[in-house]
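> Whenever a hint applies, use it, and build me the whole structure from the sequences.
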Amino acid sequence: MNRFDRITAILIQLQSKKIVKAQDIADRFNISLRTVYRDVRSLEEAGVPIIGEAGVGYSIMDGYRLPPVMFTREEARTFITAEKLMESFTDLSTKASYKSAMYKVKAVLKSTEKDMLDSIEENIEVRQRTTPFNKSINNTLEIILNSISEKKIAKMEYASFNSSEPLQRKIEPVGIYHEFNYWYTIAFCHLRNDYRHFRTDRISKIALIEESFKKEHYSLKEYLERMPENENLETVVIRVNKPALRFLLEQKYFNGFVSETDKGETMEMTFLSASLDVFARWYITFADQAEILTPKSLKDKLKMMVSNISSKF
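Residue 424 in the numbering used here sits at position 193 of the sequence shown, with consecutive numbering throughout.
Some hints here could point you the wrong way.
Stated by the list, open to error - The list that follows gives simulated cross-link-like pairs (lysine-lysine, BS3-like), each with its CA atoms no further than 25 Å apart: (1) 494 - 527; (2) 386 - 452; (3) 326 - 248; (4) 483 - 530; (5) 383 - 248; (6) 473 - 527; (7) 252 - 452; (8) 248 - 335; (9) 315 - 330; (10) 436 - 326; (11) 366 - 436; (12) 382 - 248; (13) 326 - 315; (14) 446 - 483; (15) 401 - 473; (16) 366 - 326; (17) 494 - 446.
For the record, the hints were derived by calculation from the structure and aren't laboratory data. Here the structure is a predicted model, which means the values were calculated and not measured.
Below is the structure:
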């Protein structure tokens with residue numbers, strides 16, 4: 232990227248947030264802090280009202296607006312890809328808001344870019360295997376994000392893996408993340424008096440209540456970095472015959488897959504499991520092609536399950 236394009240991109244970045252750190256700019260363009268300072272000074276000399284505060288970052292004076300932005304064809308094409316992803320992996324409320332925003336973005340495109348988007352729209356598709364939200368709620372993500380931004384407690388009905396009936400819970404969400412086709416929220420649960428992960432498709436009702444958060448929380452990034460410390464996970468090591476690996480596929484990730492080691496005819500796999508009972512019920516689907524190395528408690532669970540099955544025949 233030449234210097235002119237970089238300086239223009241920096242100006243757009245400065246308008247995208249209230250405060251932008253110099254290090255963020257340096258990381259984005261892979262340049263030194265000295266180069267960042269020089270580029271920002273060039274913008275100031277061109278009349279852009281930039282406010283800089285040592286140790287905080289840069290901001291642009293309220294009221295300043297960049298003239299309409301022109302998109303490259305490559306940038307314009309990404310809009311369709313993003314729109315297809317939003318249609319498949321977000322709830323109805325978020326999807327509708329994004330579609331409304333896209334109409335505004337498309338409105339400023341050149342005619343040739345609009346024609347190009349129309350021509351490729353039918354050639355991009357996202358196939359969805361799972362439904363990441365309960366069908367009875369159309370704004371799950373919106374409520375969770377409102378809870379975070381307003382610091383208001385959310386009350387919900389949630390069906391956990393180990394419960395046949397939904398339980399009412401009050402939660403203080405930390406953040407949301409998408410993993411293995413599902414959306415999750417990490418939240419402080421008042422019922423358990425601890426942090427828990429909640430999968431959004433298991434939330435059957437959710438609404439904000441007029442109670443403020445009781446605690447100060449880590450950011451989502453900090454929590455995810457500390458996650459192994461915060462969860463009561465148990466290490467499971469199994470050995471699987473290679474022909475059977477095709478039966479595991481994505482399910483291994485849902486069950487806490489961490490790593491694997493090639494042992495010739497077998498693959499040694501390590502998991503961090505939050506529930507040995509759930510792991511055992513998954514393991515039994517390919518148990519004739521595998522061996523449990525650790526822990527012994529998992530072996531005991533399997534023996535009991537096999538004994539119970541045998542008694543019914």
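> Now, for every hint given, state plainly whether the structure supports it.
Hint check:
For the hint pairing residue 494 with residue 527, the CA-to-CA distance comes to about 21 Å; that is within 25 Å, so the pair holds. Between residue 386 and residue 452 the CA atoms are separated by roughly 24 Å; this keeps the pair inside 25 Å, and the hint holds. Our distance criterion of 25 Å between C-alpha atoms is met by residue 326 and residue 248, whose separation comes to about 23 Å. Restraint check for residue 483 and residue 530: the C-alpha separation of about 18 Å stays at or below 25 Å, so the hint holds.
The suggested pairing of residue 383 with residue 248 holds, with an alpha-carbon distance near 24 Å, which does not exceed 25 Å. Between residue 473 and residue 527, the direct Cα distance comes to roughly 23 Å. Compliance with the 25 Å bound is thereby established for this hinted pair. Of the pairs offered as hints, the one joining residue 252 and residue 452 holds, with about 18 Å between alpha carbons and a cut-off of 25 Å not exceeded. This hinted pair checks out: residue 248 and residue 335 have alpha carbons roughly 19 Å apart, not beyond 25 Å.
As the CA atoms of residue 315 and residue 330 are separated by approximately 10 Å, the hinted pair is consistent with the 25 Å bound. For the hint linking residue 436 to residue 326, the alpha-carbon distance of about 19 Å falls within 25 Å, and the restraint holds. Straight-line distance between C-alpha atoms of residue 366 and residue 436 comes to about 10 Å, which keeps the hinted pair within the 25 Å bound. Distance check on the hinted pair: residue 382 and residue 248 sit about 21 Å apart at the alpha-carbon level, within 25 Å; holds.
Among the hinted pairs, residue 326 with residue 315 is consistent with the structure: their alpha-carbon atoms are about 10 Å apart, no more than 25 Å. With a C-alpha separation of about 35 Å, the suggested pairing of residue 446 with residue 483 is violated against the 25 Å cut-off. Pair hint residue 401 plus residue 473 does not hold up; C-alpha atoms about 45 Å apart against a cutoff of 25 Å. Between residue 366 and residue 326 the alpha-carbon distance is near 14 Å, which keeps this suggested pair within the 25 Å criterion.
A distance of roughly 48 Å separates the Cα atoms of residue 494 and residue 446; the hinted pair therefore is violated under the 25 Å criterion.
Hint compliance for this structure: hints 14, 15, 17 are broken, all remaining hints hold.
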